[in-house]
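Starting from the known structure of chain A, arrange chains B and C on it as the hints suggest.
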Amino acid sequence: MKITNSDQDLVAVVEELSGQNLYACFQCGKCSASCPFTDEMDELPNQVIRRVQIGDKRILSSRSPWVCASCLSCEVECPKGNDIPAIMEAIREINLRRNVDETDLNKLDTDGLPEIALVSNFRKKTG
Amino acid sequence: MYYPGCSLKDTAIGFEESAMYASEQLGIHLKELERWNCCGTVYSLATDNLMKQVAPIRNLVHAQEEGYDTLYTLCSMCDNTEKRANRLVQNDSEKLDKINSFMDLEEDYRVEVTVRHYLELLRDELGWEKVSKPVQSPLDDLKVAPYYGCMLTRPKEIGLDDPHNPTVLDDLITSLGATPVDYPYHSECCGSYNTVENQEIVLKQAAKISEGADTAGADLLITSCPLCHYNLDTRQREYAQQNPSHKPVPILYITQLMAVAYGNPDVCRFEEHAIDPSNTIPIKTKALNKR
Amino acid sequence: MSQTDGVEETVRIHIMGKEYEVPKGLTMMDAIEYSGYQLIRGVGCRGGFCGACATLYRLEDDYKLYADLACQKTVEDGMYLMQLPFTPAGRVSYDIEDIGDGGNPLLENYPEIARCVSCNTCTKACPQDLEVMDFINEAIRGNIEAVANLSFDCIQCGICAARCPAEIPHHHVAQMARRIHGKHHHPKSEHVSKRIDEIENGEFDDALEEISSLSQEVLQKRYESREIE
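Residue numbers (this note's numbering), protein chains in the order written: chain A, 184 to 310; chain B, 99 to 389; chain C, 11 to 239.
Be aware that a few hints might be false.
List time: in silico PhoX-like cross-link candidates among lysine-lysine, alpha-carbon distance up to 25 Å [to be verified]: (1) C:74 / B:193; (2) A:240 / A:308; (3) C:193 / B:107; (4) B:241 / B:306; (5) A:213 / A:263; (6) A:308 / B:193; (7) B:193 / B:150; (8) B:150 / C:134; (9) A:263 / B:254; (10) C:74 / B:150; (11) C:74 / C:34; (12) B:193 / B:241; (13) B:241 / B:150; (14) A:308 / B:129; (15) B:196 / C:74; (16) C:134 / C:193; (17) A:263 / A:290; (18) C:204 / C:193; (19) B:345 / B:302; (20) B:302 / A:213; (21) C:134 / C:74; (22) B:129 / B:254; (23) B:129 / B:228; (24) B:196 / C:134; (25) B:150 / B:254; (26) B:150 / B:196; (27) C:28 / B:193; (28) A:213 / B:231; (29) B:150 / A:308; (30) B:306 / A:213; (31) B:129 / B:107.
These are calculated hints, taken from the structure and not from any lab test.
Every value quoted in this text rests on a predicted model; they were computed, and no experiment measured them.
With the rest of the complex left out, here is chain A (with noise of 0.2 Å):
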């Protein structure tokens, strides 16, 4: 895969959003393994760093950022102490920023769902 120059634009925004250096992560792959929901994820937790690493802009259309429950598993395992949770949320943030929101509220049927559910649904998938 050829990197080139613009490919750093992903690195450089998700950087910023995050917080993070994408480059701290070695790809031990701990993240992924105490991730419980990769089987619902196209890319696992370490393959979405590692695509980010590289520049692949498709990793923006990836489905694991919406799995993602925010449950920071990921984030106690990591041995370099990286804040992979904000890593997803930054993949999110780059596309609700687009203003193209994950949820449709007007097509959601919010029949007995708790207030907490739908207020940390829409915080982490709409814009």
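What follows is chains B and C alone, placed relative to chain A:
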């Protein structure tokens, strides 16, 4: 000074009412913050999103305005969000200034308020011995699986216990006379907000966690998070309806277990639960009442 | 800016970006009409009650955006006016008869209230000085009574909804709360029911017939000489 959070006033009313009762028995008066807003439930992880820090900081400003230096929370998510937001402005004075400047009608937040979870109050300020004192209906034969969830112990900076081997809920269970059960999923995420649109993720987790607790011999689970409760109660029942062989495991809030042990299950509002715990508790406890 | 020699004092204002000189002491609405505009929308009772003349404005050398009713607020020198005759705000279609007294119907019908970030912009925008952020927070909690009480003086001008970053239609949410509160929590008005029965039983038919047959002059005379308690 107590911060309820939205759910405790509505869908998790049993959590608040049992907490009020249990606290009175312990000689603690939970005084609700007079003016408060939704904390936002989740801590915003984007470094530049100060808008989403306004809500939790605003609550701390109100606590400060009302003259309190400690804010106690019951909901794990509120606890996590408030603690992390507080820590953010503690360590970043520029962000604090911006947030204060934005909230121009209120007094500046001087970072003088500490946020503590109810469990910290019990463990660190009262001590488990005092928590045992009001027990009237010992839960001798009751096996309880502590469900820590994510927000009490993670991230490490604000966690109230070790994320890998937490013991605070186990200690609470023991102090009430019941037996804590060890099982692998005590801190595995329930699926959280995926319950809104990706229910299958939550159903899977509800099954895994409750079956894990059941295999380890638990009669019920306890939690201190209204979202975990919804996912492990309502969604677990949904899973049970789709999979009739699944044995439903009831889930209680921490203070509901306390209220039962202290002899007053009626304040718990068990009728609001999807999985009826009243089949489990009176059989095991000596508190035989109208049920 | 003022002039002497019997000429009244004036102030400079901007309407839709164009500068005008208007007499001091006029309301924003009067000033707009004085400047030659005919208001056919965004105007109503002219008495601060209907909410039709919502206006946003800025003052010179002041970064703040203010909100008020055009018929109530007096012009100031350096004002830049922006009329808001209508705020599109999703109003959910519902039948109040179908709404029970349980659950959280506000959250169910207006889930966008869960997007509230408690920024307080709505409160600052309210010309009636209502605690809008507070009642939206009460709505999230399902406290219908609190929403109804806090929003009592709402005139549905829609400025809050126009400015909200979470795109919440505060005035519609509050209206729903007041309707539910009135239907389920307030005691039924016995004397109103009684009067309705009396009307339906024809007890006022003769009086109505009589008054309908009166001429304009007699009617006017009766109206002017009526007893008011």
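For each hint, the structure was consulted:
1. C:74 / B:193: Since the Cα atoms of residue 74 of chain C and residue 193 of chain B sit roughly 21 Å apart, the hinted pair holds (cutoff 25 Å).
2. A:240 / A:308: holds (20 Å)
3. C:193 / B:107: OK: residue 193 of chain C and residue 107 of chain B at ~22 Å, within 25 Å.
4. B:241 / B:306: Roughly 18 Å between the alpha carbons, so the hint for residue 241 of chain B and residue 306 of chain B holds.
5. A:213 / A:263: Satisfied, since the Cα-Cα distance of roughly 11 Å is no more than 25 Å.
6. A:308 / B:193: holds (24 Å)
7. B:193 / B:150: holds (12 Å)
8. B:150 / C:134: Holds. Residue 150 of chain B to residue 134 of chain C sits at ~18 Å (cutoff 25 Å).
9. A:263 / B:254: Holds, at about 14 Å.
10. C:74 / B:150: OK: residue 74 of chain C and residue 150 of chain B at ~21 Å, within 25 Å.
11. C:74 / C:34: Roughly 22 Å separates the two Cα atoms, so the pair holds.
12. B:193 / B:241: violated (47 Å)
13. B:241 / B:150: violated (40 Å)
14. A:308 / B:129: violated (34 Å)
15. B:196 / C:74: holds (16 Å)
16. C:134 / C:193: violated (30 Å)
17. A:263 / A:290: Violated, because 41 Å separates the two Cα atoms, which is more than 25 Å.
18. C:204 / C:193: Given pair residue 204 of chain C, residue 193 of chain C holds - Cα atoms ~18 Å apart, limit 25 Å.
19. B:345 / B:302: holds (14 Å)
20. B:302 / A:213: Measuring from Cα to Cα gives roughly 22 Å; hence the hint holds.
21. C:134 / C:74: holds (11 Å)
22. B:129 / B:254: violated (29 Å)
23. B:129 / B:228: With Cα atoms ~20 Å apart, residue 129 of chain B and residue 228 of chain B stay inside 25 Å; holds.
24. B:196 / C:134: holds (18 Å)
25. B:150 / B:254: holds (22 Å)
26. B:150 / B:196: holds (13 Å)
27. C:28 / B:193: violated (39 Å)
28. A:213 / B:231: violated (43 Å)
29. B:150 / A:308: holds (13 Å)
30. B:306 / A:213: holds (21 Å)
31. B:129 / B:107: holds (14 Å)
Going through the hint list in order, the structure does not satisfy hints 12, 13, 14, 16, 17, 22, 27, 28.
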